[in-house]
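These are the residues of each chain, in order.
Number of protein chains: 2
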Amino acid sequence: MAEHVTVCEVGPRDGLQMARTIMATPAKIAWIRTIAAAGVREIEVGSFVPPKLIPQMADTAEVVRATVNLPGVTIVALAPNLRGAMGAYEAGAHRVSIPVSVSEGHSRANLNRSPMEQGEEVGHIIQWVRAQPRRMEVEAACSTAFGCSIDGVVPEAAVLRVAEALAAHQPDTLALADTVGYANPAQVKSLVRATRAAVGKVFTGLHLHDTMGLGLANALAGLEEGIRDFDSALAGLGGCPFAPGASGNIVTEDLVFMLESMGFATGIDLAKLLEARRPLHEGLPAEPMHSQVAKAGIPKTFRAAA
Amino acid sequence: MAEHVTVCEVGPRDGLQMARTIMATPAKIAWIRTIAAAGVREIEVGSFVPPKLIPQMADTAEVVRATVNLPGVTIVALAPNLRGAMGAYEAGAHRVSIPVSVSEGHSRANLNRSPMEQGEEVGHIIQWVRAQPRRMEVEAACSTAFGCSIDGVVPEAAVLRVAEALAAHQPDTLALADTVGYANPAQVKSLVRATRAAVGKVFTGLHLHDTMGLGLANALAGLEEGIRDFDSALAGLGGCPFAPGASGNIVTEDLVFMLESMGFATGIDLAKLLEARRPLHEGLPAEPMHSQVAKAGIPKTFRAAA
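Which chain is which? The protein sequence lines are A and B, in order.
Its first residue numbered 1, the first sequence is counted upward by one per residue in our numbering.
Its first residue numbered 1, the second sequence is counted upward by one per residue in our numbering.
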C-alpha cells in the first residue's frame, strides 16, 4: 500500500492572481471542476482581498460557492485579514489560508503590517472562526520563509520566531512558503527540521515556487524530511512580480509525475490532470503554460503508485 | 572548506548534436572558450561519428585541436567505436567517452550491436588506448540506464550486467546515463547504490536529462548518494528525438546554482556562466534556450560556496 501525499492545487489562486489577464468566472469554475475530476482533493480557488488591489480575485466568493459542493474536495481560500476570513466563511470555504510574511519588507509592502502584527491578526481570525457554528479549517503560512526579494536573506531564527507565534494561536495546520523561489534543497531540509522541532506536528506543508528551477528538487528535499502536503499549480501558472519571465509555483503535472513514479499515491490521474490544461488555456489563452511532462508526454515506463 | 563537485559541460556535444541547425566551427570554439572562462573544467566538445549520420559533429577533430590547450580544462570527446576513439586520440582529446546502451532496442537502433557486443568494443578501445604513448582517459557510459523510449522499462539487473562487463575492462571511470530522461529520484538512489555495490569506485558520474522536469531532483538524489560528477548542458541545450519540445540535458546554470547554494564548490562563476549564453545564442539563434536562473536573474541571496 503506497504512502499518500496530498497535492493542493493553488493555480486558481496563486497562478491567476499573477496572470496578465482576468479569467472569466465561468471559465474558472469549469477549470476547477476538471482539476477535481482528475482526482485533486484540495484546491485553493481564490483569495478574499480588495478587488481594487487584485481584480483577478474579485469573484472569489462566487467561485467558492460554485465549487464547495464538489464531492470529496477541500475548497481553500486565502485571506490576509479577518474581513477576508469572514468572506471565506460566508461563502462556505472549507479552509482559509492566512499568509504571514516572515520578512519585514515583504510584510510591510503587502499588508502594511509587521510580521508580528500579522501574527496577531491570525490570532483574531482563529478566535472568530472557532466561535462560528460551522467548522472551517485555518492554515497559517509563513511566507518568504526561504528568502525575500526585498529583504534578501531571511534568517532561520526569524522564521522560527514567526512559526512559534503562529503555532501559539493553534491553527489547524502551519506551512512554510518559498514565496519568491529562492530556496535550495539543503535549506529546505534544515528549515523543515528546525520548524518541526520548534512547533511540532502542526507544521505539515510546503508551498514552493520554481523561480530558479529548483522547485522539484526542493519538493524532494521536503519529501525526504517527511513533508506529505505540497502546494503546486497546474502548468506552473503564475510568475514572480519582480522577475519577468520567471516561473510560478511548482508544476502540478510534474510534481504528480515525480511522486507517483517514486511510489507515493496522490490519488490523481496524471492523464486526466493533463486534460485539465485545456480549459486553463481556453480561459487564459495568452498565459504561458509550463510542464515538462505535458511537453514530452507521459512516458511508457510510467506506472502510478498502487 | 566546501566539498567539490565536478560539472562536465556536454552542450557542445549532446546539445549541438540535437540542434536543428549546425553551429559554425568558429562559433563553437568561441562558445567553448567562454564556458572555460567561467571556470568549467570538463567540457565534452564533440563526437567522432560518421558526418553523414550526425553532420553537426563533422568538425569535432578541429574543435578538439582548438580547445585542448585551454589551461586546466579536460577536453572530452564521445566515440561509439574504436575508429572514433582513434580519432579522439589523434586530435589530442584528454578523455574519450564510450556509450553502451543497456537496452537492446536502443543499442541496435544506434549502433546495430547488442549491449554486450558494444561492451566488447569498449574492451578493444581500452586495449588500444592503453597501448598508445600518450595517456587518454576512457569513460564508459551505460546509456538508457533508467528507461528507454524504445524498450520501455530497463531492469536494474540489466544495468548491473552491463556495468560489470564494462568494469571488467577497467575504464578510468564509469557513468550512468538517463539518456531519455525517464528517471525518478527513488530510482536514481536505488541504481546508484546497486551500481556502486556491483562495480565500486570506478562508478563516478551521472548524465541526466530534464525531459520530465525531474532533472535537478534526480541530480539531488545522486548527490545525496555521493555522486560528485554530473554532466549538464548550458541552456539545457538539446532535446529528445522522440519528444518534440522536450528539454535536453539538465541545465548547467541551474545545476551550478543549486550546488553552490547548497555549499558545494564547483569552481564555476555563475555570472560568467550566464554570459556564455550569448555566444551560444549568436551561434545558434533559432535554438530554444532554457534556464530558470537566467530568466529570473541570480537572486540577491545567492552566495557561491567558499
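The reader is advised that the hints may include incorrect statements.
The list cannot tell twin chains apart, which means a pair is met if one copy fits it or any two copies do.
[To be verified] When the alpha-carbon atoms are kept at most 20 Å apart in a straight line, the in silico SDA-like pairs for lysine to any residue are as follows:
id : residue 1 : residue 2
1  : K189      : M86
2  : K52       : M1
3  : K300      : V192
4  : K189      : E225
5  : K189      : F302
6  : K295      : R20
7  : K201      : E275
8  : K295      : R130
9  : K201      : T34
10 : K295      : L111
11 : K300      : G200
12 : K52       : E42
13 : K295      : T6
14 : K300      : I150
15 : K272      : H124
16 : K300      : V199
17 : K189      : G72
18 : K189      : E224
19 : K189      : P71
20 : K300      : N81
21 : K189      : A157
Honestly, the hints are just simulated from the structure, not real lab data.
Okay, the hints, checked on the actual structure:
1. K189 / M86: Answer is neither; intra-copy 35 Å and inter-copy 47 Å both fail.
2. K52 / M1: neither (48 Å within a copy, 52 Å between copies)
3. K300 / V192: Result: close neither inside a copy nor across copies, 35 Å intra and 22 Å inter.
4. K189 / E225: Answer is both; intra-copy 6 Å and inter-copy 16 Å each pass.
5. K189 / F302: Between. Shortest inter-copy distance 18 Å satisfies the 20 Å Cα cut-off; intra-copy 28 Å does not.
6. K295 / R20: Classified as between: cross-chain Cα gap 18 Å, same-chain 23 Å, threshold 20 Å.
7. K201 / E275: Neither. Shortest intra-copy (35 Å) and inter-copy (45 Å) distances fail the 20 Å Cα cut-off.
8. K295 / R130: So K295 and R130 fail the 20 Å test inside a copy (45 Å) and across (44 Å) alike.
9. K201 / T34: Classified as neither; 32 Å inside a copy, 50 Å across copies.
10. K295 / L111: neither (38 Å within a copy, 28 Å between copies)
11. K300 / G200: neither (41 Å within a copy, 31 Å between copies)
12. K52 / E42: neither (27 Å within a copy, 54 Å between copies)
13. K295 / T6: For K295 and T6, neither the intra-copy (24 Å) nor the inter-copy (30 Å) Cα distance is at most 20 Å.
14. K300 / I150: Only across copies: K300 and I150 sit 9 Å apart there, 44 Å inside one copy, limit 20 Å.
15. K272 / H124: neither (40 Å within a copy, 50 Å between copies)
16. K300 / V199: Neither, since 43 Å and 29 Å both go past 20 Å.
17. K189 / G72: Close neither inside one copy (32 Å) nor across copies (35 Å); limit 20 Å.
18. K189 / E224: both (8 Å within a copy, 12 Å between copies)
19. K189 / P71: For K189 and P71, the Cα distance exceeds 20 Å both inside one copy (35 Å) and across copies (38 Å).
20. K300 / N81: neither (47 Å within a copy, 30 Å between copies)
21. K189 / A157: Classified as within: same-chain Cα gap 15 Å, cross-chain 32 Å, threshold 20 Å.
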